[in-house]
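Counting in this note's numbering, the sequence shown runs from 1 upward without gaps.
FYI, nobody ran anything at the bench for these hints, they're computed from the structure. Take every hint as true, because none was put in to throw you off.
DEER-style ranges, computed between Cβ atoms:
| no. | residue 1 | residue 2 | range |
| --- | --- | --- | --- |
| 1 | S192 | L73 | 53 to 59 Å |
| 2 | Y177 | R28 | 24 to 30 Å |
| 3 | L73 | L164 | 36 to 42 Å |
| 4 | K190 | W70 | 45 to 51 Å |
| 5 | K88 | K45 | 29 to 35 Å |
| 6 | P95 | T207 | 19 to 25 Å |
| 7 | P65 | P191 | 49 to 55 Å |
| 8 | L193 | S124 | 46 to 52 Å |
These figures come from a predicted structure and were not determined experimentally. Glycine included, every Cβ here is placed at the ideal spot set by N, Cα and C.
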Amino acid sequence: MNEGIYRALSRHILWPYGEIALRRVLERQTPEVIEFFNTYPGRAKQLLKICISSPYLVSLLIREPNLVYWLFLKGAISEKKTKDDFLKELRSFVPQNDFPKRLRDFKAREYLRLWARDVNQLCSLENNLAELSDLAEACIQACYEHALIILSLNNNFPAKFFVLGLGKLGAKELNFYSDIDLIYLYDTPKPSLDIHSSFNKLAETITRLLQD
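Input sequences plus hints: build the corresponding full structure.
In C-alpha coordinates form, the structure reads like this:
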(Lines of atoms letter the chains of each structure in order from A and count residues from 1; the text may use other names and numbers.)
(Lines give C-alpha, C1' and ligand atoms only; values in the text may rest on other atoms or scores of the structure.)
Protein backbone atom coordinates (compact mmCIF):
# COMPACT_ATOMS: atom_id res chain seq x y z
CA MET A 1 0.00 0.00 0.00
CA ASN A 2 2.95 2.33 0.66
CA GLU A 3 3.99 2.08 -3.01
CA GLY A 4 0.93 4.07 -4.03
CA ILE A 5 2.12 6.93 -1.84
CA TYR A 6 5.63 6.81 -3.32
CA ARG A 7 4.27 6.82 -6.88
CA ALA A 8 2.05 9.81 -6.11
CA LEU A 9 5.03 11.68 -4.69
CA SER A 10 7.69 10.53 -7.16
CA ARG A 11 7.95 13.87 -8.95
CA HIS A 12 8.40 15.67 -5.63
CA ILE A 13 11.25 13.44 -4.40
CA LEU A 14 14.23 15.21 -5.93
CA TRP A 15 17.00 13.37 -4.09
CA PRO A 16 17.36 9.88 -2.56
CA TYR A 17 17.34 11.00 1.08
CA GLY A 18 13.74 12.18 0.74
CA GLU A 19 12.43 8.76 -0.24
CA ILE A 20 14.61 6.95 2.30
CA ALA A 21 13.42 9.24 5.12
CA LEU A 22 9.77 8.97 4.09
CA ARG A 23 9.97 5.17 3.87
CA ARG A 24 11.50 4.95 7.34
CA VAL A 25 8.70 7.08 8.78
CA LEU A 26 5.90 5.22 6.99
CA GLU A 27 7.28 1.81 7.98
CA ARG A 28 6.29 2.63 11.57
CA GLN A 29 2.74 3.63 10.74
CA THR A 30 -0.55 1.77 11.13
CA PRO A 31 -2.73 0.70 8.17
CA GLU A 32 -5.13 3.51 9.11
CA VAL A 33 -2.43 6.13 8.64
CA ILE A 34 -1.22 4.59 5.37
CA GLU A 35 -4.77 4.55 4.04
CA PHE A 36 -5.14 8.22 5.02
CA PHE A 37 -2.09 9.22 2.98
CA ASN A 38 -3.25 7.13 0.01
CA THR A 39 -6.58 8.93 0.15
CA TYR A 40 -5.05 12.38 0.66
CA PRO A 41 -1.77 12.57 -1.32
CA GLY A 42 -1.56 16.28 -0.56
CA ARG A 43 -1.07 15.40 3.11
CA ALA A 44 1.58 12.85 2.14
CA LYS A 45 3.39 15.63 0.28
CA GLN A 46 3.34 17.70 3.47
CA LEU A 47 4.91 14.80 5.37
CA LEU A 48 7.55 14.47 2.66
CA LYS A 49 8.48 18.14 3.05
CA ILE A 50 8.99 17.60 6.78
CA CYS A 51 11.18 14.55 6.13
CA ILE A 52 13.31 16.34 3.53
CA SER A 53 13.82 19.46 5.62
CA SER A 54 14.75 18.03 9.04
CA PRO A 55 16.68 14.84 9.87
CA TYR A 56 15.95 15.60 13.54
CA LEU A 57 12.21 15.42 12.95
CA VAL A 58 12.59 12.23 10.90
CA SER A 59 14.27 10.67 13.94
CA LEU A 60 11.50 12.00 16.18
CA LEU A 61 8.74 10.56 13.96
CA ILE A 62 10.48 7.17 13.84
CA ARG A 63 10.90 7.17 17.62
CA GLU A 64 7.37 8.46 18.27
CA PRO A 65 5.26 7.22 15.33
CA ASN A 66 2.02 8.32 17.01
CA LEU A 67 3.02 11.91 16.26
CA VAL A 68 2.22 11.36 12.57
CA TYR A 69 -1.35 10.44 13.56
CA TRP A 70 -1.54 13.47 15.87
CA LEU A 71 -0.16 15.83 13.25
CA PHE A 72 -2.27 14.75 10.29
CA LEU A 73 -5.27 12.63 11.29
CA LYS A 74 -5.97 14.68 14.43
CA GLY A 75 -5.34 17.87 12.45
CA ALA A 76 -2.62 19.43 14.61
CA ILE A 77 -0.83 20.69 11.50
CA SER A 78 -3.77 23.04 10.87
CA GLU A 79 -3.93 24.43 14.41
CA LYS A 80 -2.78 27.87 15.48
CA LYS A 81 -2.14 28.15 19.21
CA THR A 82 -1.81 31.00 21.68
CA LYS A 83 0.24 31.35 24.83
CA ASP A 84 -2.89 30.53 26.84
CA ASP A 85 -3.37 27.32 24.83
CA PHE A 86 0.19 26.25 25.62
CA LEU A 87 -0.15 27.13 29.30
CA LYS A 88 -3.40 25.22 29.66
CA GLU A 89 -1.73 21.99 28.55
CA LEU A 90 1.51 22.64 30.44
CA ARG A 91 -0.32 23.33 33.70
CA SER A 92 -2.00 19.94 33.47
CA PHE A 93 1.33 18.34 34.37
CA VAL A 94 3.17 21.12 36.26
CA PRO A 95 2.55 19.38 39.63
CA GLN A 96 3.77 15.98 38.39
CA ASN A 97 7.10 14.41 39.34
CA ASP A 98 7.75 13.55 35.70
CA PHE A 99 7.39 17.20 34.65
CA PRO A 100 10.89 17.41 33.04
CA LYS A 101 10.19 14.48 30.69
CA ARG A 102 6.69 15.66 29.86
CA LEU A 103 8.03 19.15 29.16
CA ARG A 104 10.64 17.70 26.76
CA ASP A 105 7.95 15.70 24.96
CA PHE A 106 5.67 18.74 24.81
CA LYS A 107 8.37 20.97 23.32
CA ALA A 108 9.34 18.35 20.73
CA ARG A 109 5.71 17.87 19.69
CA GLU A 110 5.04 21.60 19.35
CA TYR A 111 8.34 22.13 17.54
CA LEU A 112 7.21 19.48 15.04
CA ARG A 113 3.82 21.17 14.56
CA LEU A 114 5.32 24.61 14.05
CA TRP A 115 8.03 23.33 11.70
CA ALA A 116 5.42 21.41 9.69
CA ARG A 117 3.29 24.55 9.35
CA ASP A 118 6.32 26.60 8.34
CA VAL A 119 7.78 24.31 5.64
CA ASN A 120 4.32 23.76 4.18
CA GLN A 121 3.56 27.50 4.19
CA LEU A 122 0.43 27.10 6.31
CA CYS A 123 1.14 30.31 8.22
CA SER A 124 3.01 33.54 7.71
CA LEU A 125 6.57 33.95 8.95
CA GLU A 126 5.41 36.69 11.32
CA ASN A 127 2.76 34.47 12.90
CA ASN A 128 5.14 31.54 13.21
CA LEU A 129 7.79 33.65 14.98
CA ALA A 130 5.15 34.99 17.36
CA GLU A 131 3.87 31.49 18.12
CA LEU A 132 7.40 30.19 18.77
CA SER A 133 7.89 33.07 21.20
CA ASP A 134 4.56 32.31 22.90
CA LEU A 135 5.64 28.67 23.24
CA ALA A 136 8.92 29.71 24.87
CA GLU A 137 7.18 32.11 27.27
CA ALA A 138 4.67 29.44 28.27
CA CYS A 139 7.46 26.93 28.94
CA ILE A 140 9.30 29.48 31.09
CA GLN A 141 6.13 30.16 33.08
CA ALA A 142 5.50 26.43 33.57
CA CYS A 143 9.10 25.87 34.71
CA TYR A 144 8.72 28.73 37.18
CA GLU A 145 5.53 27.21 38.60
CA HIS A 146 7.08 23.74 38.85
CA ALA A 147 10.20 25.19 40.50
CA LEU A 148 8.04 26.83 43.17
CA ILE A 149 6.58 23.41 43.97
CA ILE A 150 9.81 21.43 44.18
CA LEU A 151 11.54 24.17 46.20
CA SER A 152 8.52 24.48 48.53
CA LEU A 153 8.17 28.19 47.78
CA ASN A 154 4.91 30.00 47.17
CA ASN A 155 3.64 33.22 45.71
CA ASN A 156 3.29 34.76 49.19
CA PHE A 157 7.07 34.99 49.45
CA PRO A 158 8.00 38.52 50.69
CA ALA A 159 9.55 39.61 47.39
CA LYS A 160 8.74 39.91 43.71
CA PHE A 161 10.53 37.73 41.16
CA PHE A 162 10.85 38.62 37.47
CA VAL A 163 12.07 36.74 34.41
CA LEU A 164 13.02 39.05 31.54
CA GLY A 165 13.36 37.74 28.00
CA LEU A 166 16.05 39.45 25.95
CA GLY A 167 16.93 39.54 22.26
CA LYS A 168 14.64 37.69 19.88
CA LEU A 169 12.42 36.38 22.67
CA GLY A 170 11.87 39.87 24.05
CA ALA A 171 11.01 41.11 20.56
CA LYS A 172 8.74 38.09 19.87
CA GLU A 173 10.97 37.13 16.93
CA LEU A 174 12.22 33.78 18.21
CA ASN A 175 13.04 31.32 15.43
CA PHE A 176 13.80 27.60 15.40
CA TYR A 177 17.53 28.16 15.93
CA SER A 178 17.44 30.99 18.46
CA ASP A 179 18.93 30.72 21.92
CA ILE A 180 16.78 32.02 24.76
CA ASP A 181 18.46 34.79 26.74
CA LEU A 182 16.99 35.43 30.19
CA ILE A 183 17.72 37.71 33.13
CA TYR A 184 16.34 36.92 36.59
CA LEU A 185 15.54 39.79 38.95
CA TYR A 186 13.92 40.12 42.34
CA ASP A 187 12.73 43.08 44.35
CA THR A 188 12.13 43.10 48.09
CA PRO A 189 11.74 45.86 50.68
CA LYS A 190 13.76 43.79 53.17
CA PRO A 191 16.80 42.19 51.51
CA SER A 192 18.33 39.23 53.31
CA LEU A 193 20.70 36.36 52.64
CA ASP A 194 17.82 33.89 52.93
CA ILE A 195 15.80 35.68 50.27
CA HIS A 196 18.85 35.99 48.01
CA SER A 197 19.62 32.29 48.41
CA SER A 198 16.02 31.28 47.70
CA PHE A 199 15.85 33.28 44.50
CA ASN A 200 19.25 32.01 43.38
CA LYS A 201 17.93 28.46 43.74
CA LEU A 202 14.73 29.41 41.94
CA ALA A 203 16.65 30.88 38.98
CA GLU A 204 18.99 27.88 38.82
CA THR A 205 16.07 25.45 38.89
CA ILE A 206 14.20 27.24 36.11
CA THR A 207 17.34 27.26 33.97
CA ARG A 208 17.97 23.56 34.59
CA LEU A 209 14.38 22.63 33.72
CA LEU A 210 14.53 24.63 30.49
CA GLN A 211 17.81 22.98 29.50
CA ASP A 212 16.83 19.38 30.33
